[in-house]
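Residue numbers (our numbering), protein chains in the order written: chain E, -6 to 200; chain L, 9 to 241.
It is worth saying that the hints were derived from the structure and are not from the lab. It cannot be assumed that every hint is accurate.
Said to hold, decoys possible - Restraint-style ranges between C-beta atoms, simulated for each label pair:
id : chain 1 : residue 1 : chain 2 : residue 2 : range
1  : E       : W104      : L       : G52       : 47 to 53 Å
2  : L       : L122      : E       : D(-3)     : 41 to 47 Å
3  : L       : K53       : E       : G18       : 47 to 53 Å
4  : L       : W48       : E       : P100      : 36 to 42 Å
5  : E       : K17       : L       : W227      : 55 to 61 Å
6  : L       : W143      : E       : T54       : 21 to 27 Å
What the hints assert, rightly or not - Pairs of lysine to aspartate or glutamate residues, derived as DMTMM-like cross-links and limited to a Cα-Cα distance of at most 25 Å, are as follows:
id : chain 1 : residue 1 : chain 2 : residue 2
7  : E       : K85       : L       : E226
8  : E       : K85       : L       : E132
9  : E       : K66       : L       : E125
What the hints assert, rightly or not - Just a few of them, taken from the derived set where beta-carbon distance is under 8 Å, the chain L residues facing chain E:
id : residue
10 : R129
11 : R136
12 : G139
13 : A140
14 : G141
15 : L153
16 : V217
17 : V220
Just so it is clear, CB atoms sit at the ideal spot from N, CA and C, and this is done for glycine as well.
Here is how the chains run, residue by residue.
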Amino acid sequence: MPFDVAITLRRGKLRLDYAFRTEKGGLTALFGPSGAGKTSLLDAIAGLARPSEGHIMVEDTVLFDKARRIDLKPEQRRCGYVFQDLRLFPHKSVRDNLLYGWHLAPPDRRWMDLDTALGFLGIGHLLDRRPATLSGGEAQRVAIGRALLSGPRFLLMDEPLASVDAERREEILTVIERIRDELALPILYVSHDRAEVDRLASRVIAI
Amino acid sequence: MTALTPEEWQVLVLSLKVSGVAMAAALPLAFVLAWVLARWRFPGKVLLDALVHLPLVLPPVVTGWLLLIAFGTNGPLGRFLAEWLGLTFIFRWTGAALAAAVMALPLMVRAMRLSIEAVDRRLESAARTLGAGRWRTFASVTLPLAMPGVLAGLVLGLARSIGEFGATITFASNIPGETQTLPLAIYSALQMPGSEWQVTRLAVLSILVSVVALMASEWLARRSGQGSAHHAL
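From just these sequences and the hints, can you work out the full model?
Printed below as a string of C-alpha cells:
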C-alpha cells in the first residue's frame, strides 16, 4: 500500500488527526482550505515534525510507529519533498542543487540521472545559474528535479503551483502529469485549488 | 622606510605569533559559543551571554587582572593547566596570546552568532529530506551560509588581538622578546625621550600589519565564494 497514515499532531493546544490509506498508482490529492494543517501532515511524513500518536507507512515500510518506537530520521525516509517555498540552496548553482541529493544517494538507489532530469523538466540551460536569478516557474522545476534526483521512493508536493505565475501553470501541470504517468511513484499532492485537484488527482482526501 | 632592525623584527614576529595563536584558539571556541547562543535554549543562557561579553564592556585592565587571578601561578585554572598540560601564562608569550584571545572573543562570537541566526533553518530541513545527516547538513548548508559572519568575526578578532594592550600589559607584562607586542613596544618607545623616529617606524609597521590582515581576509572571503554569491543575491 503506497500510503498508510494514521497520526495525531499537536500544535500548541490544537490537536490535528489524520487517517487515510491510498490504493496503488496515481496521484493522491490532499485537498482543503489554507490553515487546515496540510503542510504539517507532509512535514510529519517527511520526518520534519514528530506526531504524538499513530503510525506512518509508505510502500509497506514503517517510517514512524509510536507504539513500536520507530521514528526514522528524515535522511532515512527517502522522500522527495517539493516544498511550497522551494528551499533551493542559495549558495549553490542550479547544477549543485539538482545533484545535492543525487550525490548522497547510494548508486543503486538512484533511478534518474542528471541528463534525464534536465530533458524531463526542460532546465538544461539553467545549470550554471544561481537560484536567486530564476523565475518562479524555473525555480519550481529545479525544486522538482532536485527531489526526483535524490532517488526517492515517494513524492510529497506542497502547492507546487503557488509560486508560479499564470502563464507558467500549464508548463508545471504538464510536468506533474508526466511524473504521475511515467514514473510509477506514489505522490501526495497538497492543494487548495479544486480545478487543479480535479485535473491531476486519481483520488482526493479532504483535510 | 629602511629595513627592520633586529628588535623590530622580534616585535613583529612576536606580535604575529601571539595574534595567530590567539585566533587559532579563539576561532573554534567562538564558533561553538556562537552556535550555542544562537541555537540552544537552556536556563542560564543569559548568564553565558553576559560572561562572553564581559571583556567587551570591562576596562581591559580589569580583564587582565581577572586573568591574573584565574590563570596566575596560584589561580585555580593556572595551577590546573600547569600541572596537567605544562602550560604557564604569566610573563610568557602564551599569556599575551591568552589575553588577546579573551579580548577578541566577544567580537567574534557576536559576528558569528548573528550569521548563524540568519541561516534559514528550512534549508537545513530540505537538506535532511534529500538524504543529508546532521553533520553533512551542517557542513554543506549551515556553515557555508554562515561563512561571511565567521570571516567577519575572524577579521574583527584579529584586529582586536593585534591591537590588544591593556589586558596584555596587566596580565602578561611588557617583556621584550616575550610579551612585548607592537602596541606594547610603541608604548615603551613613547616612554623614552628622543625616540620619535622609533615610534613612527613601529606605528607604520602596525598600520602595515593591519592593512595586510584586512586584504587577506578580503581575499579569503572572495575565495570562499560567498562574496560573489552575495552580489548575485
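Tested hints:
no.	hint	in the structure
1	W104/E <-> G52/L: 47 to 53 Å	holds (50 Å)
2	L122/L <-> D(-3)/E: 41 to 47 Å	holds (45 Å)
3	K53/L <-> G18/E: 47 to 53 Å	holds (52 Å)
4	W48/L <-> P100/E: 36 to 42 Å	holds (37 Å)
5	K17/E <-> W227/L: 55 to 61 Å	holds (57 Å)
6	W143/L <-> T54/E: 21 to 27 Å	holds (25 Å)
7	K85/E <-> E226/L	holds (21 Å)
8	K85/E <-> E132/L	holds (14 Å)
9	K66/E <-> E125/L	holds (24 Å)
10	R129	violated (10 Å)
11	R136	holds (4 Å)
12	G139	holds (4 Å)
13	A140	holds (6 Å)
14	G141	holds (5 Å)
15	L153	holds (6 Å)
16	V217	violated (32 Å)
17	V220	violated (28 Å)
This entry does not satisfy hints 10, 16, 17, going by the numbered hints stated previously.
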